[in-house]
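K.L.:
Residue-level listing of the chains:
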Amino acid sequence: MTSNQKLFSEKHTTSSSEKVIKHNIPNERGFYGNFGGAYIPEMLYPNVDELRSNYRQILESDTFRQDFGLLLRDYVGRPTPLFYARNLSKKAGAKIYLKREDLCHTGAHKLNNVVGQALMAQHLGKRRIIAETGAGQHGVATATVCALLRIPCTVFMGSKDMARQKPNVMRMQMLGAKVIAVESGSQSLKDATNEAIRHWINHPADTYYLIGSTIGPHPYPDLVARLQSVISKEIKVQLLREEGTENPTHVIACAGGGSNAAGAFFHFIGNGKTRLIGTEAAGEGVDTKLTAATINSGKAGIIHGCKTLLMQTADGQVVEAHSVSAGLDYPGIGPLHAHLHQTGLAEFIPVTDTEALEAAMMLSREEGIIPALETAHALAALEKMAFKPTDVIVISLSGRGDKDLQTYQQYFTKP
Amino acid sequence: MNALQQLFLTKKQNLLSLFFTAGYPQVDSTTQIIEAAETAGIDFLEVGMPYSDPLADGPVIQQSSTRAIANGMTLELLFRQLERIKNRVKIPLLLMGYLNPVLQYGMVRFVQHAHACGASGVILPDLPLDEYDQEYRKLFEEYDLSPVFLITPQTSEERIRWIDQLSNAFIYVVSSAATTGKQQDFGQSQQSYFQRLQAMKLKNPLIGGFGIHNRQTLQQAWQNLNGAICGSAFLKKLDIAPAPGKAIEMLMNDLEIQKKQKV
Ligand SMILES: Cc1ncc(COP(=O)(O)O)c(C=O)c1O
Numbered sequence: 007m008t009s010n011q012k013l014f015s016e017k018h019t020t021s022s023s024e025k026v027i028k029h030n031i032p033n034e035r036g037f038y039g040n041f042g043g044a045y046i047p048e049m050l051y052p053n054v055d056e057l058r059s060n061y062r063q064i065l066e067s068d069t070f071r072q073d074f075g076l077l078l079r080d081y082v083g084r085p086t087p088l089f090y091a092r093n094l095s096k097k098a099g100a101k102i103y104l105k106r107e108d109l110c111h112t113g114a115h116k117l118n119n120v121v122g123q124a125l126m127a128q129h130l131g132k133r134r135i136i137a138e139t140g141a142g143q144h145g146v147a148t149a150t151v152c153a154l155l156r157i158p159c160t161v162f163m164g165s166k167d168m169a170r171q172k173p174n175v176m177r178m179q180m181l182g183a184k185v186i187a188v189e190s191g192s193q194s195l196k197d198a199t200n201e202a203i204r205h206w207i208n209h210p211a212d213t214y215y216l217i218g219s220t221i222g223p224h225p226y227p228d229l230v231a232r233l234q235s236v237i238s239k240e241i242k243v244q245l246l247r248e249e250g251t252e253n254p255t256h257v258i259a260c261a262g263g264g265s266n267a268a269g270a271f272f273h274f275i276g277n278g279k280t281r282l283i284g285t286e287a288a289g290e291g292v293d294t295k296l297t298a299a300t301i302n303s304g305k306a307g308i309i310h311g312c313k314t315l316l317m318q319t320a321d322g323q324v325v326e327a328h329s330v331s332a333g334l335d336y337p338g339i340g341p342l343h344a345h346l347h348q349t350g351l352a353e354f355i356p357v358t359d360t361e362a363l364e365a366a367m368m369l370s371r372e373e374g375i376i377p378a379l380e381t382a383h384a385l386a387a388l389e390k391m392a393f394k395p396t397d398v399i400v401i402s403l404s405g406r407g408d409k410d411l412q413t414y415q416q417y418f419t420k421p
Numbered sequence: 022m023n024a025l026q027q028l029f030l031t032k033k034q035n036l037l038s039l040f041f042t043a044g045y046p047q048v049d050s051t052t053q054i055i056e057a058a059e060t061a062g063i064d065f066l067e068v069g070m071p072y073s074d075p076l077a078d079g080p081v082i083q084q085s086s087t088r089a090i091a092n093g094m095t096l097e098l099l100f101r102q103l104e105r106i107k108n109r110v111k112i113p114l115l116l117m118g119y120l121n122p123v124l125q126y127g128m129v130r131f132v133q134h135a136h137a138c139g140a141s142g143v144i145l146p147d148l149p150l151d152e153y154d155q156e157y158r159k160l161f162e163e164y165d166l167s168p169v170f171l172i173t174p175q176t177s178e179e180r181i182r183w184i185d186q187l188s189n190a191f192i193y194v195v196s197s198a199a200t201t202g203k204q205q206d207f208g209q210s211q212q213s214y215f216q217r218l219q220a221m222k223l224k225n226p227l228i229g230g231f232g233i234h235n236r237q238t239l240q241q242a243w244q245n246l247n248g249a250i251c252g253s254a255f256l257k258k259l260d261i262a263p264a265p266g267k268a269i270e271m272l273m274n275d276l277e278i279q280k281k282q283k284v
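If you read the protein sequences in the order shown, they are chains S and H. My numbering puts the first residue of the first sequence at 7, with every later residue one more than the last. My numbering puts the first residue of the second sequence at 22, with every later residue one more than the last.
No lab work stands behind these hints, which were simulated from the structure alone. From a predicted model like this one, the values you see are computed outputs, not experimental measurements. Hints may contain errors.
[Unchecked claim] Just the calculated beta-carbon pair ranges, DEER-fashion:
| no. | chain 1 | residue 1 | chain 2 | residue 2 | range |
| --- | --- | --- | --- | --- | --- |
| 1 | S | Q416 | H | E104 | 32 to 38 Å |
| 2 | H | L150 | S | Y90 | 39 to 45 Å |
| 3 | S | P173 | H | L150 | 44 to 50 Å |
| 4 | H | L98 | S | L296 | 23 to 29 Å |
| 5 | H | E104 | S | D408 | 55 to 61 Å |
| 6 | H | Q133 | S | N277 | 32 to 38 Å |
[Unchecked claim] No more than 20 Å apart at the CA atoms, straight line, and that leaves these computed lysine to aspartate or glutamate pairs for EDC-like:
| no. | chain 1 | residue 1 | chain 2 | residue 2 |
| --- | --- | --- | --- | --- |
| 7 | H | K203 | S | E189 |
| 8 | H | K224 | H | D154 |
| 9 | H | K203 | S | D212 |
| 10 | S | K172 | S | D397 |
| 11 | S | K239 | S | D408 |
| 12 | H | K257 | H | E97 |
All C-beta atoms, glycine included, are put in the ideal place defined by N, C-alpha and C.
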């Protein structure tokens with residue numbers, strides 16, 4: 007053990023001596039085992055503290071639950087189908103179900119979280135919303151709900167991502183959001199997040215920061231996981247109908263920051279019956295520099311206000327991530343997932359750019375569904391795992407692939 | 022008692038401190054800046070430990086950090102540089118930066134090395150107060166390092182009192198809710214914030230920072246608090262001046278203070 011690891015494990019004793027109620031919910035200080043917490047400068051403290059001390063009560067209030075439930079049903083389009091994928095099942099030699107988050111309004115699971123947090127912002131009396139975005143899916147979702155609720159919206163997006171996800175930039179603008187190009191650092195999701203946080207520091211009173219994944223300081227990872235947990239709640243009901251059991255043998259989801267995986271895993275975590283598999287973007291390969299496989303290549307540290315696994319140099323400088331998929335191009339991972347990995351409650355496997363691209367084509371041809379590039383990373387796991395005929399596998403089909411057509415076209419028409 | 026605490030025993034007013042990023046503009050600038058600051062009669066220094074993702078900083082400090090990292094600055098190298106001049110300079114030094122590089126270095130090792138190269142204190146704005154209190158307080162005390170915490174106009178009275186209790190050198194008074202280098206001149210809101218702090222009769226001196234860049238901002242901090250820290254404005258001078266001594270002179274001009282007035 008290095009002195010560093012010792013330091014982190016010393017910490018373990020303090021945080022885990024407090025009561026950990028469940029593995030899917032952090033303790034009072036926002037820790038999932040070793041990971042989580044709120045490592046923020048004082049300038050952010052009042053805002054984060056205001057959210058922390060109110061979010062549980064708001065989530066549990068009748069008005070919130072009613073408004074959230076109605077919007078999920080009538081605006082997002084929930085419940086999303088759990089689709090039995092016949093051709094894919096035959097190919098894999100096991101039963102495969104697709105949880106169709108790609109059929110949510112705006113084309114990804116991201117809207118579940120945004121609807122919830124936008125209502126949260128209203129409950130807190132905030133008048134403006136800011137967000138970061140990578141693939142643009144979270145930005146589009148935020149711009150969409152802000153249009154609906156008439157809340158002024160600003161989205162920070164890396165200039166590199168703006169170039170590779172143009173249709174989403176145009177959607178955000180059409181929806182009336184202001185899109186700010188972030189030129190600092192790697193010009194992708196990490197830097198968009200930095201700029202959103204800096205903007206929040208400079209506009210503390212009236213602004214709500216609507217984070218797009220299970221990342222950031224406590225309470226964000228918990229808040230986002232709870233809002234996305236509707237995914238696994240529905241899976242249980244739907245699977246009981248189809249298979250006579252609530253619990254699949256496997257749930258597979260891609261993990262960028264980890265929100266669709268958190269939602270798809272949530273009600274199965276620690277049940278002793280379901281293997282939870284997250285797929286990470288390995289880029290050109292886990293052992294190369296061009297990777298975003300945080301769990302497989304990262305070390306414990308702090309990024310964007312929480313303790314988690316992240317890709318960094320030996321000196322603790324955050325390393326730029328690489329993935330063909332903008333939504334997974336992030337050098338960190340949510341603290342929940344770092345914890346699930348450390349405790350063995352979930353496993354995380356790396357998927358390369360090429361494997362993901364091929365999996366996207368595979369799903370298009372087998373089932374007539376063009377998935378998002380992020381989602382394609384989850385589908386690629388099928389090629390890497392062996393299944394029994396009795397296995398019942400649920401894959402989180404987190405988003406649709408319209409935004410990625412240019413990338414697909416470039417790859418598949420390459421001579 | 023460390024050098025910084027000794028300074029506050031004898032000097033209680035019109036203190037002036039500078040923040041700079043170690044390894045900027047050149048990797049060797051660190052020691053030159055410290056020596057030039059001592060010669061110019063600056064009271065104490067914050068030595069910035071560069072970080073790739075400085076959340077609380079505006080473009081000036083961000084760019085200096087990026088440059089310093091590209092120049093090869095690391096904590097290992099910084100400690101070697103400080104070690105080299107520790108017997109030559111007396112000016113109290115604080116190390117300031119983000120928590121992640123320190124955790125990778127190892128907190129125990131970091132505190133030991135900071136002490137060994139003569140640092141008086143450490144400022145880690147993203148280190149939570151309760152974590153400092155429960156896990157690192159004893160360690161800091163053992164090595165005679167002062168922890169310094171930030172407060173802003175939004176910090177509650179209860180929290181300020183807690184910070185006052187945890188502190189033993191000074192409290193860093195952030196002038197407004199903003200990232201570094203954003204502020205224009207100070208106005209009525211800073212004035213009432215500073216006065217509210219004065220009225221609290223805290224045990225630690227109050228040093229104002231973020232936005233000190235001209236006579237108006239410096240004087241307002243000096244009149245209401247015990248001293249002022251100048252960061253982004255100093256880095257801008259370092260960028261254009263041929264040598265650190267000259268940069269300090271240019272800054273003093275902007276702040277409209279004479280050397281002799283200071284001592
Ligand atoms: C369709 C889709 N899936 C997955 C992700 C990754 O995010 P998360 O890990 O939070 O689900 C994104 C991010 O943009 C996305 O657009």
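K.L.:
Taking the CB of H/L150 and the CB of S/Y90, does the distance hold inside 39 to 45 Å?
P.N.:
53 Å, violated
K.L.:
Okay, H/L98 versus S/L296 on CB: inside 23 to 29 Å?
P.N.:
At 27 Å between Cβs, range holds.
K.L.:
Taking 20 Å as the top limit, are the C-alpha atoms of H/K257 and H/E97 close enough?
P.N.:
The hint is violated at about 26 Å.
K.L.:
H/K203 and S/E189 were given as a pair; does the straight-line alpha-carbon distance stay at or below 20 Å?
P.N.:
18 Å, holds
K.L.:
Hey, H/K224 versus H/D154, does the alpha-carbon distance stay inside 20 Å?
P.N.:
Holds. H/K224 to H/D154 sits at ~18 Å (cutoff 20 Å).
K.L.:
Taking 32 to 38 Å as the stated bounds, is the beta-carbon spacing between H/Q133 and S/N277 within them?
P.N.:
For S/N277 against H/Q133, whose Cβ atoms are near 46 Å apart, the range 32 to 38 Å is violated.
K.L.:
Does the alpha-carbon distance linking H/K203 and S/D212 stay inside the 20 Å limit?
P.N.:
At roughly 18 Å apart (the allowed maximum being 20 Å), S/D212 and H/K203 satisfy the hint.
K.L.:
Mind checking the hinted window 44 to 50 Å against the Cβ distance between S/P173 and H/L150?
P.N.:
45 Å, holds
K.L.:
Is S/K172 close enough to S/D397, meaning Cα to Cα at most 20 Å?
P.N.:
40 Å, violated
K.L.:
Note whether the CB distance of H/E104 and S/D408 lies within 55 to 61 Å or breaks it.
P.N.:
Cβ of H/E104 to Cβ of S/D408: about 58 Å, so the range 55 to 61 Å holds.
K.L.:
Just tell me: holds or violated, for the beta carbon distance of S/Q416 and H/E104 against 32 to 38 Å?
P.N.:
53 Å, violated
K.L.:
Are the Cα atoms of S/K239 and S/D408 separated by 20 Å or less?
P.N.:
27 Å, violated
In this structure, the hints that do not hold are numbers 1, 2, 6, 10, 11, 12, in rising order.
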